[in-house]
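Q: One letter stands for each residue in the lines below.
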Amino acid sequence: MGSVLKRLPDSELAVMLAIWNRGAEKVHTGEILEELKAMGYTGWKTQTVQSMLLRLTEKGYLTCEKLGRLNFYTPLASMKEYQSVETDTLLERFYGGSAKNLFAALVEKTMLSSRDVEEIKELLSRGEEK
Amino acid sequence: MKGLLLQLLYRGIVFAMGYGIWLFYRRSSWGARRRFPVQFRRLVGIICAVWLAAPFAVPVTVRYRGINTATGQPSRMSVASEPEAFYFEAHAPLDLQEPGASIRLMDVAAAIWAVGFLAVLIFHLSAYIHMGRRLYRWRTGPLECPKEGICRNIRIGYTHGTGVPLVSGLFHPVIWLPAGWKGDNAVLKPALRHEAAHLQQGDLWVKWILLWVKCLYWFHPAVFRFARRISELLELACDDRALKDASLEARKEYGMAILAALEQGDSQKLSFGFLGLWEEENQVLFRIRRIMGPEDGPVIKRGRMRAMLGALVILVVASSIRVQAAAPGGTAAGRSASEPAVQAAVFEDTGSSQEGLSPDASLMDGSGEAPEIRFHLKMEKGRSGKGIVASYQINKSEDSAAYDLEKLPCQAYRVAFPCNYENAPELVRNELMFYASPGTEVCAISDEIVTDVGQVPLLGKCIATESNGYEIVYSHLEESYVEAGDILKPGDVIGLVGATGAVTHDMVGLRIDSKEGLPADLSQYGSGYEW
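For the record, the sequence lines run as chains A and B. One point on numbering: in this note's numbering, the residue at position 79 of the first sequence is 79, and numbering is uninterrupted. One point on numbering: in this note's numbering, the residue at position 151 of the second sequence is 151, and numbering is uninterrupted.
There may be inaccurate statements among the hints.
Said to hold, decoys possible - Label-pair restraints from in silico Cβ distances:
no.	chain 1	residue 1	chain 2	residue 2	range
1	A	T29	B	K182	48 to 54 Å
2	B	V115	A	K121	44 to 50 Å
3	B	L248	A	S51	25 to 31 Å
4	B	W208	A	Q83	27 to 33 Å
5	A	L67	B	W208	51 to 57 Å
6	B	R304	A	K121	34 to 40 Å
7	A	Q47	B	E144	25 to 31 Å
8	A	K45	B	A109	38 to 44 Å
9	A	K121	B	A32	28 to 34 Å
10	B	R33	A	E118	53 to 59 Å
11	B	G31	A	P9	53 to 59 Å
To be clear, the hints were calculated from the coordinates, so they are not data collected in a lab. Built from N, CA and C at the ideal position, the CB exists for glycine as well.
Bound conformation, chain A alone (with noise of 0.2 Å):
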């Protein structure tokens, strides 16, 4: 499925999102308005949401299902499988690690080993028997 997804522009990747926060596994589009809203999207109507999500199914984000009145919406990519997909080219990459300069963060992203981790573990641990 990763391979066929394509980088979405901000506005539908809103509508994914709320459906990605909803955490069901089948959501209709008041519900969809309903997280958008929360989200912060406030000026959004109804029919912009559908036209939204029915460029998402022809893309492949979504499948839709009638079930009574009302339209339902699963999404066949999970959040995790997109990001991946949006972040792993080259440039993303570089980026990521130039932007770093730019940005005050807690910690640098780095790896660490399971050894690591439980050296540090301990570290905190012995701070505590202290």
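Place chain B on chain A using the hints.
A: Just chain B now, with coordinates in the frame of chain A:
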């Protein structure tokens, strides 16, 4: 560009030496025994970063005392400071070359540097914009702005775009937290304390300065290492600030927050090879150790730290100023506001017709006759301006040698060679040098025909002209706007003042020779200022 490149090279070399000495000292048994507090190292690092970030010498105007040139007293200027060989060479017969005939190393170096600078700058800026967009695009809700607590009035957002808490935005900062951290107070509070400490310390500004430094010195590996070390020091300083008077439990929570950030799965990992990983791993462990207990070893004495800091500041300031001459009536800075855009030196042969004007100088032409010439130094607006603003006439009959340089186009002038050449009297005092701001336009001093334009060793970019049987050479120019064969009127802009050739200040050299090759004796003009 040439000046900037030289400054970068100069600062780069000085920095490499200083940084090398520091690293050597820290690794020596003497230096390793003493511990420098993180805040002290951070401050030193920032001072060095600012010094590197501004590779420009600030001009400081110093007023020089005028001397009485009418009495013919020798200037105390320059026998010691001006090597003889320089002027022998400079006054040797001109060997003009076509501009661009030879590839100039400095120009090539400047072009390579500029390409590298732009490439690094554009890459980092685009990465920053890209990352900022990603954080915003992946947000899970509207930004919050708490009215109280450690992050009051700071916007906070949760996003899937990062696996670690971070802060962005110079003027409107936002603390971004991983979406999964929402509601997790155990790790949230220490992380927010850390990010708030970054903002309180102004670390984002330091990060931008470091980025600028890296762009300027993209060719300098030591600068990159230095920038990385400063970034690490910023984190350590924030740890200290966030954990000030913290209990052991709070320290543990803080350490756990760091561990949680590291353990959070993400796809931003970027490996720089074994060495990079080795350094990063050690840095994390080092931080956790510092969080859980103080560093070992005695702290260096406060007096010594102050002395070191003072010495550093003096060095930085001393290496960032450039002394220049000022007119007696006011400083260059004060004058610059009303300074015309263009200034000119005007030479006029008065041997012919102008009545009522006494001769100012003699030009021995080899035939024993002494055609009378007069130098007018005029201050004019350029082609875009509206005529003459002021003019000044040098008159050697005046007793006062303190010429009113306030009205002259330059900050100071002097005869190029006031010391005596016993073996080569013909080389004595045959060039006037006008010191002016870089980029000041140079105007023709009489009706002239351009005979040659080119680069001359030591004299830099030159324009040679012919006028009434005299050869005139304008030297040390930054730019020339004329070509051989051009006919010039007095006041025509012919180039820009520069520092090409073997000179250290921006100036235009003016040399006037008779056609027979004998130089004009300009000695009576003395020096505008004692140099």
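Q: Find the hints from earlier in the document that the structure breaks and name them by number, from lowest to highest.
A: 1, 3, 8, 10
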